[in-house]
Amino acid sequence: NAGVTQTPKFQVLKTGQSMTLQCAQDMNHNSMYWYRQDPGMGLRLIYYSASEGTTDKGEVPNGYNVSRLNKREFSLRLESAAPSQTSVYFCASSTGLYTDTQYFGPGTRLTVL
Amino acid sequence: KNEVEQSPQNLTAQEGEFITINCSYSVGISALHWLQQHPGGGIVSLFMLSSGKKKHGRLIATINIQEKHSSLHITASHPRDSAVYICAASISNFGNEKLTFGTGTRLTIIP
Numbered sequence: 001n002a003g004v005t006q007t008p009k010f011q012v013l014k015t016g017q018s019m020t021l022q023c024a025q026d027m028n029h030n031s032m033y034w035y036r037q038d039p040g041m042g043l044r045l046i047y048y049s050a051s052e053g054t055t056d057k058g059e060v061p062n063g064y065n066v067s068r069l070n071k072r073e074f075s076l077r078l079e080s081a082a083p084s085q086t087s088v089y090f091c092a093s094s095t096g097l098y099t100d101t102q103y104f105g106p107g108t109r110l111t112v113l
Numbered sequence: 114k115n116e117v118e119q120s121p122q123n124l125t126a127q128e129g130e131f132i133t134i135n136c137s138y139s140v141g142i143s144a145l146h147w148l149q150q151h152p153g154g155g156i157v158s159l160f161m162l163s164s165g166k167k168k169h170g171r172l173i174a175t176i177n178i179q180e181k182h183s184s185l186h187i188t189a190s191h192p193r194d195s196a197v198y199i200c201a202a203s204i205s206n207f208g209n210e211k212l213t214f215g216t217g218t219r220l221t222i223i224p
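These protein sequence lines are chains A and B, in that order. Counting in this note's numbering, the first sequence runs from 1 upward without gaps. Counting in this note's numbering, the second sequence runs from 114 upward without gaps.
Chain A with its partners taken away, still in its complex shape:
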């Protein structure tokens, strides 16, 4: 039982490059989330998926796209990376949306040069 897994753990990109962050959970959770964490700021929601087949924008969606591939997997794509997207990205999952305990992945540290 691995919980929530994320790949990669670290990534360095040049401005304009694209990449996809992968997230998977094995807890049969309905809801999944992508957050970014920046120094001095709280976690901010980028996108979420309340259930398989649905995705919605969070607080800071610009520059990102997501895919809920199936119940287990929720990926985050940066089409054209910018230095402002340098951050630590966390994926999380929960049974229900927001009012159930969220389980977090280990994070991906992304640097955009």
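Mixed in with the good hints there might be a few duds.
With a Cα cut of at most 30 Å, we get these calculated DSSO-like pairs of lysine-lysine [as the list claims (entries may be wrong)]:
1) Lys-168/B <-> Lys-211/B
2) Lys-57/A <-> Lys-9/A
3) Lys-181/B <-> Lys-211/B
4) Lys-166/B <-> Lys-71/A
5) Lys-57/A <-> Lys-211/B
6) Lys-57/A <-> Lys-14/A
7) Lys-181/B <-> Lys-167/B
8) Lys-57/A <-> Lys-181/B
9) Lys-166/B <-> Lys-9/A
10) Lys-211/B <-> Lys-167/B
11) Lys-211/B <-> Lys-166/B
12) Lys-181/B <-> Lys-168/B
Short derived list, chain B residues pointing at chain A, Cβ under 8 Å [to be verified]:
13) Pro-152
14) Gly-155
15) Ser-158
16) Leu-162
17) Gly-165
18) Thr-221
19) Pro-224
A few chain B residues facing chain A, derived, Cβ under 7 Å [as the list claims (entries may be wrong)]:
20) Ser-203
21) Ser-205
22) Phe-214
23) Thr-216
Hints in this document: simulated from the structure, not taken from any laboratory. Every residue, glycine too, gets a C-beta built ideally from N, C-alpha and C.
On the provided structure of chain A, position chain B as indicated by the hints.
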């Protein structure tokens, strides 16, 4: 003003001390979460509560809905409790739920 405010931002204490971290929110909520983030970066959910009090080991979380305030207490603190503690409020906004995070309290316990 952030909808969720935590205090203090930083807290240093001696091993064994009783620790209190505070979280205030400005709107009605359906649940309040307490999270712990260790220096390695991993985030763990400690509590989720909508009323009263919850206890797990040396950790106690309380919430006062009328005063829009929650506290996290650590009894007999230990250096391994050193971490960033984050509160997050599940807020209903015109029928849509959202989770708003505080900026965290960095706790350092000195042996």
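Structure-based check of each hint:
Restraint check: the Cα-Cα separation between Lys-168/B and Lys-211/B comes to about 25 Å, which is no more than 30 Å; the hinted pair holds. Restraint check for Lys-57/A and Lys-9/A: the C-alpha separation of about 24 Å stays at or below 30 Å, so the hint holds. Proposed proximity of Lys-181/B and Lys-211/B is supported: the alpha carbons are some 17 Å apart, at most 30 Å. For the given pair, Lys-166/B sits about 33 Å from Lys-71/A by alpha-carbon distance, which is inconsistent with the 30 Å threshold.
Pair hint Lys-57/A plus Lys-211/B holds up; C-alpha atoms about 11 Å apart against a cutoff of 30 Å. A threshold of 30 Å between alpha carbons decides the hint, and for Lys-57/A with Lys-14/A the separation of about 25 Å falls inside it, so the pair holds. Under the criterion of a C-alpha separation no larger than 30 Å, the hint pairing Lys-181/B with Lys-167/B is consistent with the structure, at around 17 Å. The suggested pairing of Lys-57/A with Lys-181/B holds, with an alpha-carbon distance near 27 Å, which does not exceed 30 Å.
For the hint linking Lys-166/B to Lys-9/A, the alpha-carbon distance of about 36 Å lies beyond 30 Å, and the restraint is violated. Straight-line distance between C-alpha atoms of Lys-211/B and Lys-167/B comes to about 23 Å, which keeps the hinted pair within the 30 Å bound. With a CA separation close to 23 Å, the supplied pair Lys-211/B and Lys-166/B stays within the 30 Å bound. For the hint pairing Lys-181/B with Lys-168/B, the CA-to-CA distance comes to about 20 Å; that is within 30 Å, so the pair holds.
This hint is violated: Pro-152/B has a C-beta 12 Å from the nearest C-beta of chain A, more than the 8 Å allowed. Interface restraint check: Gly-155/B against chain A, minimum CB-CB distance 6 Å, threshold 8 Å, status holds. Contact between Ser-158/B and chain A, as hinted, is supported at the beta carbon level, the nearest pair being about 5 Å apart and thus within 8 Å. Annotation: Leu-162/B was flagged as interfacial toward chain A, and the flag is violated, the nearest CB pair being 11 Å apart, outside 8 Å.
With 8 Å as the threshold, the beta carbon of Gly-165/B stays out of range of chain A, its nearest partner Cβ sitting at about 16 Å, so the hint is violated. Proximity of Thr-221/B to chain A is violated relative to the hint, the smallest CB-CB distance being about 17 Å (cut-off 8 Å). About 27 Å separates the beta-carbon of Pro-224/B from the nearest beta-carbon of chain A, more than 8 Å, and the hint is not met. Interface restraint check for Ser-203/B: the shortest CB-CB distance to chain A comes to about 4 Å, inside 7 Å, so the restraint holds.
Because the smallest distance between the Cβ of Ser-205/B and any Cβ of chain A comes to about 9 Å, over 7 Å, the interface hint for this residue is violated. Interface restraint check: Phe-214/B against chain A, minimum CB-CB distance 3 Å, threshold 7 Å, status holds. Given hint, Thr-216/B at the interface with chain A, holds; its Cβ is 5 Å from that chain's nearest Cβ, closer than 7 Å.
The structure shown violates the earlier hints numbered 4, 9, 13, 16, 17, 18, 19 and 21.
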